[in-house]
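Residue numbers (this note's numbering), protein chains in the order written: chain Z, 1 to 333; chain V, 1 to 289.
These are calculated hints, taken from the structure and not from any lab test.
Keep in mind that a hint or two might mislead.
[What the hints assert, rightly or not] When the alpha-carbon atoms are kept at most 20 Å apart in a straight line, the in silico DMTMM-like pairs for lysine to aspartate or glutamate are as follows:
hint : chain 1 : residue 1 : chain 2 : residue 2
1    : V       : K75       : V       : E280
2    : V       : K108      : Z       : E5
3    : Z       : K284      : V       : E230
4    : V       : K114      : Z       : D8
[What the hints assert, rightly or not] Away from chain Z, derived, C-beta distances all over 10 Å, residues of chain V:
hint : residue
5    : L44
6    : F72
7    : P76
8    : G99
9    : A105
10   : S131
11   : E144
12   : T154
13   : P175
14   : L198
15   : A241
Fair warning: this is a prediction, and the values are worked out from it, not measured in the lab.
Beta carbons: idealized from backbone N, C-alpha and C, even for Gly.
Residue strings, one per chain:
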Amino acid sequence: MNRLERRDGRLAWTLLAPSLLIVFMIAIYPLATVFYTSLTDRTFASSASVSFVGLANYGRLLGVAVAPEGAPSGGAKASDALPPGFRSMGEFELLGSRYAVGGTDPKFLSAIGDTVAFSVVSVGLEAVLGMIVALVLVVNFRGRGFMRMSMLIPWAIPTAVSSKMWAWMFSSTRAGIVNVVGQALGLTDGQFPFLVNSSTQLWAMIAIDVWKTTPFMALLLMAGLQMIPRELYEASRVDGCGSLRQFFRITLPLVKPSLAVALIFRTLDALRVFDLFQIIFAQKRYSMASFAYYQLIDSRKMGYSSAASVVIFLVISVFIVLYGRLSGGKDER
Amino acid sequence: MNDSKSWSFLGRVAFWSVAAVLLFNVLFPFYWAINTSLKSENQLMMTPATFLPLDPVTKRLSVSWGNYAAVFSNKPFLRGALNSVVVAVSVTALSLLFGSFSAFALGKLRFRAKQPILYLILSMTMFPQISVLSGLYAVMRRFEIHAIMGMILTYMLFTLPFTIWVMTTYFKALPDSLLQAASVDGATPFQSFRIILLPLAAPAAATTGILAFIAAWNEYLFALTFTSVEPQARTIPVAIALFAGQVSKQEPFGEVMAASVLVTIPLLVIVVIFQRRIIEGLTSGSVKE
Numbered sequence: 001m002n003r004l005e006r007r008d009g010r011l012a013w014t015l016l017a018p019s020l021l022i023v024f025m026i027a028i029y030p031l032a033t034v035f036y037t038s039l040t041d042r043t044f045a046s047s048a049s050v051s052f053v054g055l056a057n058y059g060r061l062l063g064v065a066v067a068p069e070g071a072p073s074g075g076a077k078a079s080d081a082l083p084p085g086f087r088s089m090g091e092f093e094l095l096g097s098r099y100a101v102g103g104t105d106p107k108f109l110s111a112i113g114d115t116v117a118f119s120v121v122s123v124g125l126e127a128v129l130g131m132i133v134a135l136v137l138v139v140n141f142r143g144r145g146f147m148r149m150s151m152l153i154p155w156a157i158p159t160a161v162s163s164k165m166w167a168w169m170f171s172s173t174r175a176g177i178v179n180v181v182g183q184a185l186g187l188t189d190g191q192f193p194f195l196v197n198s199s200t201q202l203w204a205m206i207a208i209d210v211w212k213t214t215p216f217m218a219l220l221l222m223a224g225l226q227m228i229p230r231e232l233y234e235a236s237r238v239d240g241c242g243s244l245r246q247f248f249r250i251t252l253p254l255v256k257p258s259l260a261v262a263l264i265f266r267t268l269d270a271l272r273v274f275d276l277f278q279i280i281f282a283q284k285r286y287s288m289a290s291f292a293y294y295q296l297i298d299s300r301k302m303g304y305s306s307a308a309s310v311v312i313f314l315v316i317s318v319f320i321v322l323y324g325r326l327s328g329g330k331d332e333r
Numbered sequence: 001m002n003d004s005k006s007w008s009f010l011g012r013v014a015f016w017s018v019a020a021v022l023l024f025n026v027l028f029p030f031y032w033a034i035n036t037s038l039k040s041e042n043q044l045m046m047t048p049a050t051f052l053p054l055d056p057v058t059k060r061l062s063v064s065w066g067n068y069a070a071v072f073s074n075k076p077f078l079r080g081a082l083n084s085v086v087v088a089v090s091v092t093a094l095s096l097l098f099g100s101f102s103a104f105a106l107g108k109l110r111f112r113a114k115q116p117i118l119y120l121i122l123s124m125t126m127f128p129q130i131s132v133l134s135g136l137y138a139v140m141r142r143f144e145i146h147a148i149m150g151m152i153l154t155y156m157l158f159t160l161p162f163t164i165w166v167m168t169t170y171f172k173a174l175p176d177s178l179l180q181a182a183s184v185d186g187a188t189p190f191q192s193f194r195i196i197l198l199p200l201a202a203p204a205a206a207t208t209g210i211l212a213f214i215a216a217w218n219e220y221l222f223a224l225t226f227t228s229v230e231p232q233a234r235t236i237p238v239a240i241a242l243f244a245g246q247v248s249k250q251e252p253f254g255e256v257m258a259a260s261v262l263v264t265i266p267l268l269v270i271v272v273i274f275q276r277r278i279i280e281g282l283t284s285g286s287v288k289e
């Protein structure tokens with residue numbers, strides 16, 4: 001190592017120091033304390049003594065039990081079959097006997113289920129719709145600039161604002177536009193409580209998320225589409241390929257790297273969804289993040305909330321690994 | 001597909017209908033928010049909802065500006081606007097300052113441990129904020145950091161890694177000969193960074209700066225948590241989420257929509273002016289590398 005390199009090194013560390021200090025203060029240190037706190041029964045903002053409880057918080061968050069209830073329609077209540085401390089989450093039938101499913105904290109378990117379902121469905125829809133939008137946006141037409149600009153608006157406005165806008169549009173009377181249109185089309189009676197009915201709640205969330213983030217997805221895909229050399233299309237047209245075949249033979253394979261990146265970004269984003277659920281449902285239905293938030297701020301269970309945060313961290317890590325596998329680690333880009 | 005002359009008539013009709021539907025879908029909620037914000041309490045109660053603010057009796061167009069007047073006399077909202085400006089501007093400035101330092105080090109200087117630091121930064125861009133929430137809030141309470149300061153500091157969790165990442169790629173692409181020429185003239189590396197590279201990096205700085213500003217302006221989770229015991233430090237997204245009306249006890253949707261429209265306007269201006277830069281910035285993370 002020569003003198004110049006040593007000088008470079010010293011300067012590099014000096015320049016990096018502020019950023020590394022900030023990263024340590026707001027990411028590494030708090031993450032370490034969250035991991036540690038998740039193993040304790042710490043209460044937030046209280047002087048009560050803290051004791052180490054091991055994995056008890058995780059046990060309570062994720063505890064699941066399945067118990068046989070005996071013959072179908074035996075009349076026994078599902079919750080009776082479950083061990084103490086487990087609350088019923090549903091029943092199913094298998095090979096002629098009924099089983100009760102219970103969890104120690106059904107709210108968190110359903111928050112996981114809801115968040116994963118929300119993420120998978122909305123990101124899937126966004127990918128398909130985003131591709132359509134991107135294909136429209138790469139075409140050179142009059143008004144393309146205006147269209148691209150409009151696409152940025154849903155992305156740019158705060159989720160808090162768009163959540164309020166949509167909550168109002170989804171109102172459960174005909175003061176809400178969705179019900180007005182629904183009734184005009186004969187789909188609802190004009191009084192449908194989209195945000196209250198448990199079977200439409202998630203779909204409403206998905207609709208809002210798709211509206212807000214499809215444009216973002218489209219812009220990422222558009223960047224990928226623009227890098228495809230035009231000669232490929234011309235050559236394939238000479239060979240007599242139709243548009244549809246061109247899409248599957250040329251466009252899709254070549255846009256795949258951009259698509260993979262867009263999917264990862266969006267999935268990670270969707271899995272940590274907070275604003276939308278907290279603003280529209282408060283404590284009526286949770287995403288993983290809003291559950292952890294309410295445990296911390298409302299119930300002041302810092303240990304428990306931290307454990308939930310760690311679970312979120314792990315779920316997201318699982319998705320990162322999954323994507324890594326699917327996109328094939330071999331083509332190292 | 002890129003050659004518009006060869007389109008058939010049918011294809012063109014299909015294309016324009018798809019484009020029209022897309023545009024309608026994107027813009028309709030904003031139209032509806034504006035429409036709602038111009039209705040009085042009575043007009044909001046009309047069922048079915050009308051597509052323009054109409055008088056309940058005569059069915060003539062009757063626009064009411066009451067909601068905007070109410071928003072402009074709503075102290076928490078105005079306070080929130082000021083807080084948002086302070087937080088977003090500070091976060092942007094600090095991210096650019098520290099980010100460009102780090103990016104220069106990572107992009108142009110030779111030293112060991114460069115790769116691990118780059119990976120650390122990249123992994124932070126995937127970091128779920130919720131997973132550090134309780135730890136961060138505990139630190140802030142213990143050291144009695146004011147909520148505004150706390151937001152400025154913690155928002156760098158998502159603005160700083162992105163800024164460093166994009167600007168590092170940018171610095172890497174600048175030719176090394178620039179630095180060599182400067183060093184022949186007797187400039188220290190830091191001098192050549194300040195005098196030569198930094199001005200050249202202005203476009204990348206503008207792009208990342210705009211994105212950092214928007215991200216900080218829109219952040220909700222940290223803002224909501226940190227201001228839960230300091231309501232006077234609330235930013236705009238929190239103020240809107242917790243909007244309390246002046247008159248009605250129900251949720252005052254007319255006023256909320258007026259506030260929403262007002263908040264959207266500055267973002268609209270940013271988007272109109274900087275759309276090219278924003279698109280560049282959003283896609284720079286995904287296409288390169």
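| said: Tell me the numbers of any earlier hints that the structure contravenes, in ascending order. | reply: 1, 3, 5, 8, 9, 10, 12 and 15
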